[in-house]
Structure formats: structure tokens, C-alpha cells
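Respectively, the protein sequence lines represent chains S and Z. Per the working numbering, the very first residue in the first sequence carries number 1; after that it's consecutive. Per the working numbering, the very first residue in the second sequence carries number 1001; after that it's consecutive.
One or more hints might be untrue.
Computed far set for chain Z versus chain S, every beta-carbon distance over 12 Å [said to hold, decoys possible]: (1) GLU1095; (2) ALA1154; (3) ARG1177; (4) ALA1273.
DSSO-like cross-link-like pairs, simulated, lysine-lysine; straight-line CA separation at most 30 Å [what the hints assert, rightly or not]: (5) LYS1178/Z <-> LYS1033/Z; (6) LYS1178/Z <-> LYS162/S; (7) LYS1061/Z <-> LYS1033/Z; (8) LYS1137/Z <-> LYS1178/Z; (9) LYS1178/Z <-> LYS1143/Z; (10) LYS1136/Z <-> LYS162/S; (11) LYS1033/Z <-> LYS1136/Z; (12) LYS1064/Z <-> LYS1033/Z; (13) LYS1033/Z <-> LYS162/S; (14) LYS1061/Z <-> LYS162/S; (15) LYS1178/Z <-> LYS1136/Z; (16) LYS1143/Z <-> LYS1246/Z.
Simulated from the structure, these hints should not be mistaken for lab results. Backbone N, C-alpha and C define an ideal beta-carbon position, used for all residues, glycine too.
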Amino acid sequence: MASLFQYRWFQILLLVSFGPFVVRAVQFYFASTNAQVAEFLAATPDTFREFLSQQGLFVFLVVIMQSGLIADDRRTNALQLYLSKPLTRVEYVLGKLVPPLAFVLGVTLVPALVLLILQIVFAGSVTFLRANLFLLPAITLYSLIQALLSACAILALSSLSKSRRFVAVMYAGIVFFTAAMYQVLRAITGSRKWAVISPGEMLDVIATGIFRSRVEPAVPVYVAIVVVLVIVGVALVILERRIRAVEVVA
Amino acid sequence: MTDSPTAGQPVISTEHLSKWYGQVSGLNDVTVKVPPGITGLLGPNGAGKSTFMKLVTGQLKPSKGTIKILGEPIWGNPALYHRIGFCPEQDAFYERMTGLGWVTALVALNGLEPAEAEAAARRALEAVDLLDAAEKKIGAYSKGMRQRVKMAQALAHEPDVLILDEPLSGMDPLMRRKTIRLIREWGRAGKSVLVSSHILHEIESMTSNILLINNGRILAEGNVHQIRELIDTHPHSVFIRAEDPKALARALLVEDGVISMRFEPGAVSVETARPDAFYARLTEMAASGEAGVIDEVTSPDDNLQAVFKYLVKQ
Chain S
1 MASLFQYRWF QILLLVSFGP FVVRAVQFYF ASTNAQVAEF LAATPDTFRE
51 FLSQQGLFVF LVVIMQSGLI ADDRRTNALQ LYLSKPLTRV EYVLGKLVPP
101 LAFVLGVTLV PALVLLILQI VFAGSVTFLR ANLFLLPAIT LYSLIQALLS
151 ACAILALSSL SKSRRFVAVM YAGIVFFTAA MYQVLRAITG SRKWAVISPG
201 EMLDVIATGI FRSRVEPAVP VYVAIVVVLV IVGVALVILE RRIRAVEVVA
Chain Z
1001 MTDSPTAGQP VISTEHLSKW YGQVSGLNDV TVKVPPGITG LLGPNGAGKS
1051 TFMKLVTGQL KPSKGTIKIL GEPIWGNPAL YHRIGFCPEQ DAFYERMTGL
1101 GWVTALVALN GLEPAEAEAA ARRALEAVDL LDAAEKKIGA YSKGMRQRVK
1151 MAQALAHEPD VLILDEPLSG MDPLMRRKTI RLIREWGRAG KSVLVSSHIL
1201 HEIESMTSNI LLINNGRILA EGNVHQIREL IDTHPHSVFI RAEDPKALAR
1251 ALLVEDGVIS MRFEPGAVSV ETARPDAFYA RLTEMAASGE AGVIDEVTSP
1301 DDNLQAVFKY LVKQ
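Bound conformation, chain S alone:
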């Protein structure tokens, strides 16, 4: 993790990831100081859902940078040495989960919670928070689901190859290809149920449930939860099979 912070481009990426946060903060400021603006820009629970959804691009970027987490260990044979130390495979995987979880939460949970605090500061009252007390756990829960899904996916893919570039391409392929396929199938069939093939869409569906949004979800929330659980489960199975000190190829 520390080594990533040494790169200027990564520092810039983290700074840029706070761009939408600044925009929302300005929105909250004007909404609290100008009644006319407040009519159409006042904070709602959906504002936070939309904000987290917009952060998806930065989630994608910080996660794709973790593509070498296991692939590099496999390429250099370091995995063999790690697992000859008093380190269990579970501890190894948990350790590897930390960077993607931390970075994803850093671009979702942290700015969203700070935004909530800023809303209170600019409004000068806790009325909004009191009326929407569920926002605190909602932001936390949604950020955690998003972080866990992304981290498990990138780790599983990273364990499948010795090339971090190949892993990055696979991850990008899954994210964009499934989203594109959903749009194509939706256009052809007219059904939004195809959203189940897109992890990104499933996160959006879960968000509508968690944030009590009035937006009509593409599929029932429980279906989206099942899809996410299946993806995480498959990722864990892959990790269980691939994280071995010795790769048996026979």
C-alpha cells in the first residue's frame, strides 16, 4: 500500500477522486444558503446514493491498480516462501484484501461520511440527519458491499495469472463487457432483468434498497444480493484453489 502512495499518478488519482465530493459540497453549501437553489439541489438520501454510484469510476481505477497483488507473488515465486513461514492461507488472503478494501473505502465511505457532516455544518442543524438516520448505516453498508465485491473479484482474478496486465485486462473486461452486454440484451429484449449479468448494475439495485430510493430497480433487491453473494463465493473458491505454495500442474 505504502509503495502505491509513492507514485505521483496515484496521488493525483486520489485527489481527482475527490472531485465529485467537492461538487457535492458546493451543492450543499448553496442549497443551505439559497432557498431557490435548495428547491432542486437540497440533499436527499438519493443524493448520497448517486454520489456513491458516481464514485464507481474511481472504485474501478483504484481496484484495477491492485491487479498484481497475487499475480506478482506467483510470478516471482514469493508465494512459496510466504507460505513456508508461519502464515496461513487465510491470513495471506486477508492481508491481500486490505489494500483494495482500504482504497475503495477511501474513495467511497470516507468522502460520503464527510459529505454528510458537511451537510450538517452548512445547514447549521441536524434536521436532515435526524430525518434520515438510516443514512449512516446505509452509506457504511453499501460502501462495504462495493469494497468487498471489488476486492474479492480482483484478488480472485489476480490469483489466476502471473501477469498483472492480463489481470487488469480481465477485470476491465468483466466490468465493461457485462455492462455493455446488459445494455445490448435490454435493447433487444426490452427486459431489464438482464441486469443480473452485470455486477455494476447489481450494486445499483442494492443501493436503491439500502438508500430506500424511489427509483424502480431492474430486479428485486434480494436477487441482486444473491448475485453479489455468488460472485464473492466464486471468488473465495478460486482463491482457496489457487493460493497454494506449490502449483501442481499435472
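Got chain S sorted already, so can you dock chain Z onto it with the hints?
Same frame as chain S, but now just chain Z:
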């Protein structure tokens, strides 16, 4: 009651130990007790040495049979890994890291605090004579230095048992001699060492206790003078990478026992009938520099093949 090396009990004991990779047998029904001290595991490539070592270090699960280290089953017992130091044959580095950084990171996995881990890493690098290059990136290390830094990570946490997979591979003669001395010192200091090689002369310079392995089976164990005699009847090939292969060849040509020589780019391949004397002379030449710098000495494993064929027929 658990076995312990100090009680004279076996350090490693296996019963009907087998390992299959799908249809391929890596190790076949091995029952052996390795006593405390230094033990050499001798066999050609593909004999099952690395499989045996990976089973010993708990990295592979036995397909059949049992394996105990210091009286405890090793598989699924990471707590026992504190007492084992493993030096793999393959390189396992992040080349952008320094030797010190790499050893420190690995030692820390034994539960040491960062400062303790760095101190332990420095001690280990000093023990393998690599402290001067500790701050250099591993990518700039020679083959011999890479071998030594791997050994440093194996011994940094002061384990009771050291498992060294081909530790002398690629080392220059001087470092080879130093490393052999180091391994013998560990043996004298009460550590148990299992060291693999496909060169009897290397193993013999460390210990007379040898396990002879071929085709996944232990062919012989103990003090194998007979094997030595057999090997001596076969010419021994040595590949030497040197700064000036021609000067080295000229110097070696006058040596007794040299049967033939073949030049390769930056290296010379020598066939000798007297390997002991040859290795001793090579070390002298490396120390004096009389034939230029000797970078790397390796011995192809076909030296052993003829002997193993003969043993199997017996």
C-alpha cells in the same frame, strides 16, 4: 511425547509417504528417519528431492502416508513453521527490493516487530557474507548472491531445522566453500540441516549422512561410501562460467584427471576423473585469481544418472 532433535529422536520421520501429481508419482512409499545434524539428500533432477522438501516444509499435502517434523505433523501446522527455515531452489524475489528489505519482510512473517525483523535480517545477511550488498536491489545481485540472500531469509529467524534445496547451485568456488563451511557450522551449533544436491562431492563435504533418492524412492541411506566409489568410476562434468575461459582452460589443462574440455560462450565445460582434486584446485584458483574471475560453477546432473542406473539394476 514429541520427538526433539536434542533427545536424539529423528528430526524428520516419514511412514509410507507418497505424493502423486495426478497420474505422475512424485514420491513413492518413502519410510525414512532423518537424525539430528546434517543430512544430504542426493539425487538427479526429477528424482523427487524437491517434492520431498516441499512435503517436509508443509507446502504439499501427502497423497498417502505421514510426515512428522520434530515429532509433530507438519501439514496444516503453521505454528511449526517457526522452527523451520526453507531455502527454495527457485528464485523467489521482488527484484526491485533490496536484499535487506526482502529478508526483513520475510522475517516479519514470523511475528517479529519491524525493528527486531530488521536486526534479525542484518544478522542473517552478515552470516552469509552479504551485509555489504544489503542495501542493493536484488535485481543487481549475481546468481551466488541470490542464493545467499535466499539462505539468509531461511536462517534469519533462527530455526531448529534448515531445509536447503540446492543451496550451492550457481555459486562461485569461494562462496561455495564459505557456504559449505557455514552449513557445517550450523550442524556443529546443534541445528539440523537437510540439504539437497545432485552432486555427491558437495554433499560429502558437508556430511557423510546421505539419503540417496531416485524416481521418488529412497535407494540408500546412511554413510554411503560405496556410492562414492561408484561415482568415482564415472567421469564428472563441471561447467564453469568465467571472465577469461581460455586462461582458465590453460591453467586447468595441466591438472591431473582432466579428461576433456569444451568451450561455450563465456564458459568452459570440463570433464574430470578426479572431482575432489579438481574442485579443490578450482577453489584455489578462484582465491588467487591466477586464471581471472570465476563467476559460476555448476555440475550437470547427468553425472549421477549412470550411477543410479547401475544401482537400480543392482
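These are the hints, each one checked on the structure:
Not every CB of chain S lies more than 12 Å from the CB of GLU1095/Z, the least distance being 8 Å, so the non-interface label is violated. Distance check for ALA1154/Z against chain S: the nearest CB is about 9 Å away, which does not clear 12 Å, and the non-interface claim fails. At roughly 26 Å, the least C-beta separation between ARG1177/Z and chain S is larger than 12 Å, which holds for a residue marked as non-interface. Interface exclusion of ALA1273/Z from chain S stands, the closest Cβ pair being 38 Å apart, more than 12 Å.
Proximity of LYS1178/Z to LYS1033/Z is assessed by CA-CA distance (about 29 Å); at most 30 Å being required, the pair is judged to hold. A C-alpha spacing of about 35 Å is found between LYS1178/Z and LYS162/S, which places the hinted pair above 30 Å, so the restraint is violated. The suggested pairing of LYS1061/Z with LYS1033/Z holds, with an alpha-carbon distance near 19 Å, which does not exceed 30 Å. For the hint linking LYS1137/Z to LYS1178/Z, the alpha-carbon distance of about 23 Å falls within 30 Å, and the restraint holds.
With a C-alpha separation of about 15 Å, the suggested pair LYS1178/Z and LYS1143/Z falls inside the 30 Å cut-off, and the hint holds. Annotation: proposed proximity of LYS1136/Z to LYS162/S holds, straight-line Cα distance about 25 Å (limit 30 Å). Between LYS1033/Z and LYS1136/Z the CA atoms are separated by roughly 41 Å; this puts the pair beyond 30 Å, and the hint is violated. As the CA atoms of LYS1064/Z and LYS1033/Z are separated by approximately 17 Å, the hinted pair is consistent with the 30 Å bound.
Between the alpha carbons of LYS1033/Z and LYS162/S the distance comes to roughly 38 Å, so the proposed pair goes past 30 Å and is violated. In summary, the hint linking LYS1061/Z to LYS162/S is supported, as the alpha carbons are separated by about 23 Å, within the 30 Å threshold. For the hint linking LYS1178/Z to LYS1136/Z, the alpha-carbon distance of about 21 Å falls within 30 Å, and the restraint holds. Restraint check for LYS1143/Z and LYS1246/Z: the C-alpha separation of about 22 Å stays at or below 30 Å, so the hint holds.
Hints 1, 2, 6, 11 and 13 from the list above are not met by this structure, while the remaining hints are.
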